[in-house]
Amino acid sequence: MKQTEISSERNSSTDAQNLEPWTNPTVVGKPLPRVDGYERVSGSAIYPADLILPDMLHAAILRCPHPHAIVKNLNTEAARKSPGVRAIVSSADPEGKLVIPYPWWVPEGPPVLLFDQHCRYQGEEVAALAADTPYQAYDALRLMKVEYEELSHLLHAQDALKPGQPLLHNTGNLVRRPDTYQRGDLAKGFGEADVLVEETYETSCEIHATVETHVAVARWEGEQLTVWVPTQAIYEEQKSLAATLRLPVSSVRVISQYVGGSFGCKAELSKHTLIAALLARKTRRPVKLALSREESFLCAGNRPPNVMCLKAGAKKDGSLTALEFTNLGAVGAYADWADAAGWAAGSYACPNIRTQDTEVYINAGKARAFRGPGAAQSAWALEQMIDMLADKIGMDPVEFRLKNVPATHPRTGEPYTSIELRECLLKGAEAFGWTKARVARASSSDPVKRGVGVASCRWITEGGPPTTVIVTLFPDGSATLNMAAADQGTGTKTIMAMVVAEELGIPLQKIHVEHADTGTTQYGKSGGGSHSVMVYAPAVRAAAADVKRQLLEIAAGELKRPAIELSLKDGKIVPVREPGQPKNLSELKDLTRREQIAGIGHPPPEPKGRLIASFGAQFAEVEVNVHTGEIRVIRLLACHDSGRVMNPLTHESQIFGGMVMGIGFALTEQRVLDDHQTGRMVNANWHDYKIPTAKDVPFDQLCLTIDPKDAECNSAGAKGVGEIGTVPTAPAIANAVYHATGIRVTQAPISPMQMLALLAARREAR
Amino acid sequence: MLPKFSHVRPSSLRQAVQQLASSGSHVHAGGTDLLGCLRDGVFGAEKIVSITGIGELRGINSREDGAVRIGALTTLSEVATSPLIAQNYALLAQAAAAAASPQLRNQGTIGGNLCQRPRCWYFRGDFQCLRKGGDTCFAINGENEFHCVFGGSRCYIVHPSDTAPALVALDARAHIRGPLGMRVVPLGSFFVLPALDLARENVLRSGEIITHISLPPLAPGSISSYRKVRARGSWDFALAGLALALKLTGRRVDWSRVVLSGVAPIPWRSSETEKVLLGRDLNPRTLREAADAATRGAEPLSQNGYKVELVRGIVEESLRAIMESHPETPSERT
Ligand SMILES: Cc1cc2nc3c(=O)[nH]c(=O)nc-3n(C[C@H](O)[C@H](O)[C@H](O)COP(=O)(O)OP(=O)(O)OC[C@H]3O[C@@H](n4cnc5c(N)ncnc54)[C@H](O)[C@@H]3O)c2cc1C
Numbered sequence: 001m002k003q004t005e006i007s008s009e010r011n012s013s014t015d016a017q018n019l020e021p022w023t024n025p026t027v028v029g030k031p032l033p034r035v036d037g038y039e040r041v042s043g044s045a046i047y048p049a050d051l052i053l054p055d056m057l058h059a060a061i062l063r064c065p066h067p068h069a070i071v072k073n074l075n076t077e078a079a080r081k082s083p084g085v086r087a088i089v090s091s092a093d094p095e096g097k098l099v100i101p102y103p104w105w106v107p108e109g110p111p112v113l114l115f116d117q118h119c120r121y122q123g124e125e126v127a128a129l130a131a132d133t134p135y136q137a138y139d140a141l142r143l144m145k146v147e148y149e150e151l152s153h154l155l156h157a158q159d160a161l162k163p164g165q166p167l168l169h170n171t172g173n174l175v176r177r178p179d180t181y182q183r184g185d186l187a188k189g190f191g192e193a194d195v196l197v198e199e200t201y202e203t204s205c206e207i208h209a210t211v212e213t214h215v216a217v218a219r220w221e222g223e224q225l226t227v228w229v230p231t232q233a234i235y236e237e238q239k240s241l242a243a244t245l246r247l248p249v250s251s252v253r254v255i256s257q258y259v260g261g262s263f264g265c266k267a268e269l270s271k272h273t274l275i276a277a278l279l280a281r282k283t284r285r286p287v288k289l290a291l292s293r294e295e296s297f298l299c300a301g302n303r304p305p306n307v308m309c310l311k312a313g314a315k316k317d318g319s320l321t322a323l324e325f326t327n328l329g330a331v332g333a334y335a336d337w338a339d340a341a342g343w344a345a346g347s348y349a350c351p352n353i354r355t356q357d358t359e360v361y362i363n364a365g366k367a368r369a370f371r372g373p374g375a376a377q378s379a380w381a382l383e384q385m386i387d388m389l390a391d392k393i394g395m396d397p398v399e400f401r402l403k404n405v406p407a408t409h410p411r412t413g414e415p416y417t418s419i420e421l422r423e424c425l426l427k428g429a430e431a432f433g434w435t436k437a438r439v440a441r442a443s444s445s446d447p448v449k450r451g452v453g454v455a456s457c458r459w460i461t462e463g464g465p466p467t468t469v470i471v472t473l474f475p476d477g478s479a480t481l482n483m484a485a486a487d488q489g490t491g492t493k494t495i496m497a498m499v500v501a502e503e504l505g506i507p508l509q510k511i512h513v514e515h516a517d518t519g520t521t522q523y524g525k526s527g528g529g530s531h532s533v534m535v536y537a538p539a540v541r542a543a544a545a546d547v548k549r550q551l552l553e554i555a556a557g558e559l560k561r562p563a564i565e566l567s568l569k570d571g572k573i574v575p576v577r578e579p580g581q582p583k584n585l586s587e588l589k590d591l592t593r594r595e596q597i598a599g600i601g602h603p604p605p606e607p608k609g610r611l612i613a614s615f616g617a618q619f620a621e622v623e624v625n626v627h628t629g630e631i632r633v634i635r636l637l638a639c640h641d642s643g644r645v646m647n648p649l650t651h652e653s654q655i656f657g658g659m660v661m662g663i664g665f666a667l668t669e670q671r672v673l674d675d676h677q678t679g680r681m682v683n684a685n686w687h688d689y690k691i692p693t694a695k696d697v698p699f700d701q702l703c704l705t706i707d708p709k710d711a712e713c714n715s716a717g718a719k720g721v722g723e724i725g726t727v728p729t730a731p732a733i734a735n736a737v738y739h740a741t742g743i744r745v746t747q748a749p750i751s752p753m754q755m756l757a758l759l760a761a762r763r764e765a766r
Numbered sequence: 001m002l003p004k005f006s007h008v009r010p011s012s013l014r015q016a017v018q019q020l021a022s023s024g025s026h027v028h029a030g031g032t033d034l035l036g037c038l039r040d041g042v043f044g045a046e047k048i049v050s051i052t053g054i055g056e057l058r059g060i061n062s063r064e065d066g067a068v069r070i071g072a073l074t075t076l077s078e079v080a081t082s083p084l085i086a087q088n089y090a091l092l093a094q095a096a097a098a099a100a101s102p103q104l105r106n107q108g109t110i111g112g113n114l115c116q117r118p119r120c121w122y123f124r125g126d127f128q129c130l131r132k133g134g135d136t137c138f139a140i141n142g143e144n145e146f147h148c149v150f151g152g153s154r155c156y157i158v159h160p161s162d163t164a165p166a167l168v169a170l171d172a173r174a175h176i177r178g179p180l181g182m183r184v185v186p187l188g189s190f191f192v193l194p195a196l197d198l199a200r201e202n203v204l205r206s207g208e209i210i211t212h213i214s215l216p217p218l219a220p221g222s223i224s225s226y227r228k229v230r231a232r233g234s235w236d237f238a239l240a241g242l243a244l245a246l247k248l249t250g251r252r253v254d255w256s257r258v259v260l261s262g263v264a265p266i267p268w269r270s271s272e273t274e275k276v277l278l279g280r281d282l283n284p285r286t287l288r289e290a291a292d293a294a295t296r297g298a299e300p301l302s303q304n305g306y307k308v309e310l311v312r313g314i315v316e317e318s319l320r321a322i323m324e325s326h327p328e329t330p331s332e333r334t
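Residue numbers (my numbering), protein chains in the order written: chain A, 1 to 766; chain B, 1 to 334.
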């Protein structure tokens, strides 16, 4: 394949690989607007759902309405004869038995058949068809006759391993062997503690609720398949599609130039993408398959619900002595992750720890990675637990956290390339007016109580190879940046163009970004795990530096000066000794003759024996009306160590976006299943599933940063920021609610309904 | 996906009523509720009769007798921002402003708001429930966090409208045009409990159109307010709400209307609360007794007991605010 050839050829250009982070950047670090902002805001950006290809058909999927059922009989005759219908696929076809591969981060699981007659969740695919118009497709779906045998369903993780429960897979309901981690001596740790607390926390199943639903457009040209799909992971989808369809990888092209929100749910091959490809192959016409909002609530991933039992001990001086954290998570009907406990073992310096994660299947849509997967749920429990301990020994929660900030990674003992958690807590508390806000509580007669809360967070990020980026420079001083990275709305395109501008001294407007297309870019890691900046910024920089090296060599030959006496400034060659006589690139004859310089870059390997992690602390102030249960977030303040902030605007939107999502996780969002009856989701729509609106988000939001000047993490000095912003928000809000009311709400979300019930229970207990 | 239907847009009321005579036809005003119902298959339609071409259904104006007339096609935004409404019926302006979201208020009409179908997620979802002609109310043993605590029987919906309780509290009347001519129905008797009829939420017969609402003048010096509690800040129906209108002398209540939203299949007028308040001074004890009266007879389901607390909370809170902004009744000082 072309990408491996290129990488082996260029591996020797190591000078560009060992760059030190910039000391005085002129473009990087500036609050520049997005390079594709106009397209996104004006509506001229073409998302996959906007594509209209000649002769294109529209597909729709018939889905099982029951959470657990066997398809006894499927009759598609009437649908086949319905106007406009061009093709049908179902379990009756050989393609129906195709097995969708799990993404690389889910190492194993029961086979996922395209159309399984044993339907394990509401919305499981039963058949699909393509018709001339979307209306014809949906009309025809209604003519499909299915006979289901309904099976009893399992909806709660707590029931999954009990005898007599329905079994989802013949391997049982346990996803994998429970993952246990231990250090120190737990009993000894509890023995040394002056105070002990025990509590059970629960999080609700949260849906990604991306504004753009999932969609795929597929087109075949001979044996060559092109798929337009909003995805974080073009190469992952390419590989999975090729494997499923038994095609050479090079015969599959995946394009994802605009993504309307993903948060982790658009990083793996989905059935609808495969279905679009199959129907397109059957009909020899392009096929578009767009999921409805309801379908995306049911079948496109979620943050799994967790039940977390914690016991922790601390000394009077605030040092943690022991933590036991047992988590039970429900991944849904097929394998994924629902861990939470293991995360906690890496958060604070605590000598004695035991964590256990158990994951089970239930009859509901499968989980997918969700912004800070595991970490957000873990923080909901752990950060409230820390508050309870602080409260019990009468110590300020910020001080308590400061006491337990680890020097190295608590699980492995490895040092971090940088860790400014302490400073995040201190600077954040100072800016928030924490100490004052802690004492200033409302008068006891006022039903509206005010409170403040804090939580901290950490997110491990890994950059490094394999990834190949190409930067080409033209004699007119314009450049093209070619990379695999998709821009999920995080600003990746903007930041990478800024890196080119920084390195080559050319204006952003002269840089074209060609990206997220397996047909035109080289292999690059997917956008996940908050690592896009860590993978791509060093790679782009290396590619640009390679261009610069070649350019200066050309200039050196022409100007008869050693290359080291030349520099590149504002798109001109400047002799160091005669800065007043710059030369335009177009004046370099050799450059004009070559037409273009191409530079290639890879991210250098990760530093050895060091971990890279981002850190942060968030502070929340809330008002709780104890007569009505209403909770209002009055202000939020974040202070984060994200390494170098590449662009304060995109950094801030990651943190703010994360905090908004955290408000939803804390206060409003929850998948509701019809528990005792049908087992179906009752709120698979925008108004019953409540994401925060503008009125739920405080006007007073602030994002502060601390730059650790990390020279070790990578040549950009930047760490990841995509996920961490949502991790501490919900527990900070819960802690503030406790501070305001004295009620510890352990179950998310803290709705007015729950708040009122808890307030009433307390009144009765008194 | 929407079902197949024909669409007509008559320019006069007479034509509209004629068009509606055929079975399976529905009035289409702003369409914000109707189209959602059709798309979700809550009910079907043969014909959609848009009334947006009928000019006389629009606008707010005051009449010589002091009453105010609101055309059925007046949008919720227009109701919420009309100075005439704000000055005379603050409660209604607040209720309209508290409904839905800005886009929906710009499109949704007051007529449609009164006639919108319930938001019960079983009714709206893919469940063959009692109200849709099935044989089960899924809310009884199911997810009933948002269902009614008053007035339920066999079916446990809540009425979704915010303007309806306000209009009931203001003694408004609906003017209705149908095949048999005009009739006028006080909003207080416009809505229908499930015990009376499971299939509809109001007294409109097929082919009838609300042409306008009329509001009698409130006694001078009356005060009114609408308080709504919801699970998120906007774009959300009431968990419970309180439409309140009072006439006070000092702190003594001479007259009151107490109507709850979000707790019953119809706007829930609490005459008992009104009785408690009548002739009494607003003081902590009256507030408590009023809250008791407002919650008396509540029959919560398994998950909506919080609504009883909530009603108590908003009744006390709203009355306390009024109490604190009014001087004590003169006779009390002596
Ligand atoms: C997401 C969402 C959230 C909402 N939140 C709230 C809320 O918080 N509070 C609230 O009060 N409302 C809320 N609504 C409801 C909204 O206010 C109503 O949909 C709107 O007012 C209806 O007006 P319309 O003109 O669009 O009615 P349409 O959709 O056109 O009609 C609604 C119904 O009334 C009938 N109808 C309409 N006009 C007349 C008439 N003049 N005579 C006889 N029948 C008529 C129609 O046949 C139809 O059955 C919400 C709606 C949505 C979609």
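Just so you know, the hints here were simulated from the structure itself, not pulled from any lab data. A couple of the hints might just be wrong.
[Stated by the list, open to error] As a list, the in silico DSS-like pairs of lysine-lysine whose alpha-carbon atoms are at most 25 Å apart: (1) B:Lys47 <-> B:Lys132; (2) A:Lys282 <-> A:Lys311; (3) A:Lys145 <-> B:Lys132; (4) A:Lys145 <-> B:Lys247; (5) A:Lys316 <-> A:Lys449; (6) A:Lys510 <-> A:Lys30; (7) A:Lys392 <-> A:Lys449; (8) B:Lys132 <-> A:Lys81.
Verification of the supplied hints:
1. B:Lys47 <-> B:Lys132: holds (19 Å)
2. A:Lys282 <-> A:Lys311: violated (58 Å)
3. A:Lys145 <-> B:Lys132: holds (22 Å)
4. A:Lys145 <-> B:Lys247: violated (63 Å)
5. A:Lys316 <-> A:Lys449: violated (29 Å)
6. A:Lys510 <-> A:Lys30: Within the cut-off at roughly 17 Å; holds.
7. A:Lys392 <-> A:Lys449: Holds - the C-alpha atoms of Lys449 of chain A and Lys392 of chain A are around 21 Å apart, at most 25 Å.
8. B:Lys132 <-> A:Lys81: violated (30 Å)
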